[in-house]
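Let the hints inform the model, and build the full structure from the sequences given.
Protein chains in written order, with the working numbering: chain W, 15 to 301; chain U, 0 to 294.
Simulated from the structure, these hints should not be mistaken for lab results. Just so it is clear, CB atoms sit at the ideal spot from N, CA and C, and this is done for glycine as well. Hints are supplied without guarantee of correctness; some may be wrong.
Covered stretches of chain U (chain W as the covering partner; in silico rule of three or more C-beta atoms under 8 Å from a C-beta of chain W) [as the list claims (entries may be wrong)]: (1) 185-194; (2) 262-272; (3) 275-282.
Over 12 Å on every C-beta distance to chain U, these chain W residues come out as not near it, computed from the model [as the list claims (entries may be wrong)]: (4) LYS30; (5) LEU39; (6) SER60; (7) VAL64; (8) VAL67; (9) ILE185; (10) ALA274; (11) ARG294.
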Amino acid sequence: MSRKVDLRVAEERLFKGLMVLALALVLGSLLSILGIIAWKGLPSLSLAMVTQVPKGGYYLGKEGGILNAIVGSLYLGLGATLAALLVSLPVVLYINVYTRRDSWLARAVRFALDILWGIPSIVYGAFGFIVMMALGLRASLGAAIITVALFELPIMVRAMDEVLRLVPEEISAASYSLGATRLETALRAVVRQALPGLVTAVLIAFGRGVGDTASVLFTAGFTDRLPTSLAQPAATLPLAIFFQLGTPFPEVQGRAYAAAAILTLLVLTVSVLSRWFSRRFSRTMIR
Amino acid sequence: MSLRHVKDALARRLFLLVSVGCCLLVLPLVVGLCIKARPVLAQQSVAQVLFSSDWHPLQGRFGMLAFLVGTVYVTVLGMAVAAPLSLLSAIYLAEYAPRWVRTLTLPLVDLLSGIPSVIYGIWGVLVIVPAVARLGEVFGVYTSGYSLLAGALVVAIMVSPFMIHISREALSAVPEGIREASLSLGATRWQTVKCAVLRRALPGVIAAVVLGLARALGETIAVLMVVGNVPGIPHSLFDPAYPLPALLANNYGEMMSIPLYDSALLLAALVLLVVVVAFNLLAKGILAVMQREAR
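Here it is, written out as structure tokens:
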């Protein structure tokens, strides 16, 4: 009997040890990523990096910065997120307010978006490229915005759907009983109740879109200038990092690390902001 | 009918249209890639493309076996590392961890799941690749470090935060009563987790693994940066590999200059799409069956 207990205790200890080890390994790796980006990137980070576009011979180690990529990434991220939002919001409102949440259409939409969610961004990139070719367009900010919006769409809808599902039925019931239409209920009661969560969903999609490389590889092109219209090519941060790492010059590689630090900072800021937002504004919700 | 009701009716139709459009969005993806892939398939049979490793674009021969095998190896190996790591971490966070560990760790894991893949790639080049090269020395194998193993490890760390998040949620959703019942029968904590909690949370855990798998399959830039990109079937962990997404990303520049090359690459994208969608459907089927049996 006591032997059996010993075995059980030993198994318990073994697995607990393994669990702590696994968590330490994952967290350690993740922290080492942040550590190494900071360690490699911060020394090369300068004011010129974030205020200037690349000048002649930049990719050989001469003067300049990556303002083109920073601005390009922000334009791309904002444009794509806005486009994705314009599609996502009607979809989640339809499947949560207009039909019953478990109706066949709602289920079909969720199913389709789960499938889309799993499709790798490089495939979206290839698709964007085909559409671009078919329409006779060149690689441009506009083409990239459409591609990234497609990539962000399932991420945003899924996140928003989870939020809207938590909105209690009573809120819409109260709104209907006051004579409000579905649209009024959707926009004034349901969206307001879920607003912090919706903002978080938008920010999550923005973060993923800004950080994604594979989808813009075919569609955004690359340029040293700031984009002034949707028809012009645009540089993006992930691509700037990727290209600069590929050069054999240590100075340029150093700047790639600095650009990586900027990108990481941008994404982490958005992420922290979204958490702060959902906590700060959850006060306005009716419980 | 008042203006309010007109607005409502219009919005209903518009929202319905957008929703149905979203449902059908996967069709243009598949059809577009199929149309573009046809020229290659007109010349070579599907079997030739999928099961031959004869990749000579200049001669017009496009056998993708090496890339398919590379994709499968990197994904399977990556998941073999990531699944136990994430599951053990998630169990610890859901069942064992003291409160302060939880409040410290969970936001961190979430934050880190948002880090872009290029950053993981840089980390792979700076940390994993040299480590794999050293490991190769220990085993007496010459390797540059840019290898199948490096790709798998980077993918594993990339998908872990995400898998931890989902499986922890599934574990936390298991009702407390189940744990109490098991503990009151004299089971240890681990026995409770193993026999009661995990069984209940299994669909969620499987979903976590499948979603992680889909991400690992399609991961492009981070893998491309560390995996070596040599078209050939890898024979050891230390050999370089060349997964499909990396093939696509590396050759987009030249694809218009060689005849049929663009068609072959877009066929590669189609293959990737089909594999990922098939995996997702399979997982959904399994989950549906499990949920029916649980009832």
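Hints versus structure:
Counting residues of the stretch 185-194 of chain U whose beta-carbon sits less than 8 Å from any beta-carbon of chain W gives 4, enough to reach three: the coverage restraint holds. Under a criterion of three residues with beta carbons nearer than 8 Å to beta carbons of chain W, the stated coverage of the stretch 262-272 of chain U is upheld, 5 such residues being counted. With 5 residues having a Cβ less than 8 Å from any Cβ of chain W, the stretch 275-282 of chain U passes the three-residue criterion, so the hint holds. Not every Cβ of chain U is farther than 12 Å from the Cβ of W:LYS30; the closest lies at roughly 6 Å, contradicting the non-interface assignment.
Against chain U, the non-interface label of W:LEU39 is violated: not every CB pair exceeds 12 Å, the least being about 6 Å. At the 12 Å boundary, the C-beta of W:SER60 stays outside the reach of chain U, the nearest C-beta of that chain being 19 Å off. Every CB of chain U lies more than 12 Å from the CB of W:VAL64, the least distance being 18 Å, so the non-interface label holds. Consistency note on W:VAL67: stated as away from chain U, and its beta-carbon is indeed over 12 Å from all of that chain's, at 20 Å minimum.
The beta carbon of W:ILE185 is kept farther than 12 Å from every beta carbon of chain U, the shortest such distance being approximately 18 Å. With a least CB separation of 5 Å from chain U, W:ALA274 falls inside the 12 Å interface cut-off, contrary to its annotation. The non-interface label for W:ARG294 is consistent with chain U: the shortest C-beta to C-beta separation is roughly 15 Å, beyond 12 Å.
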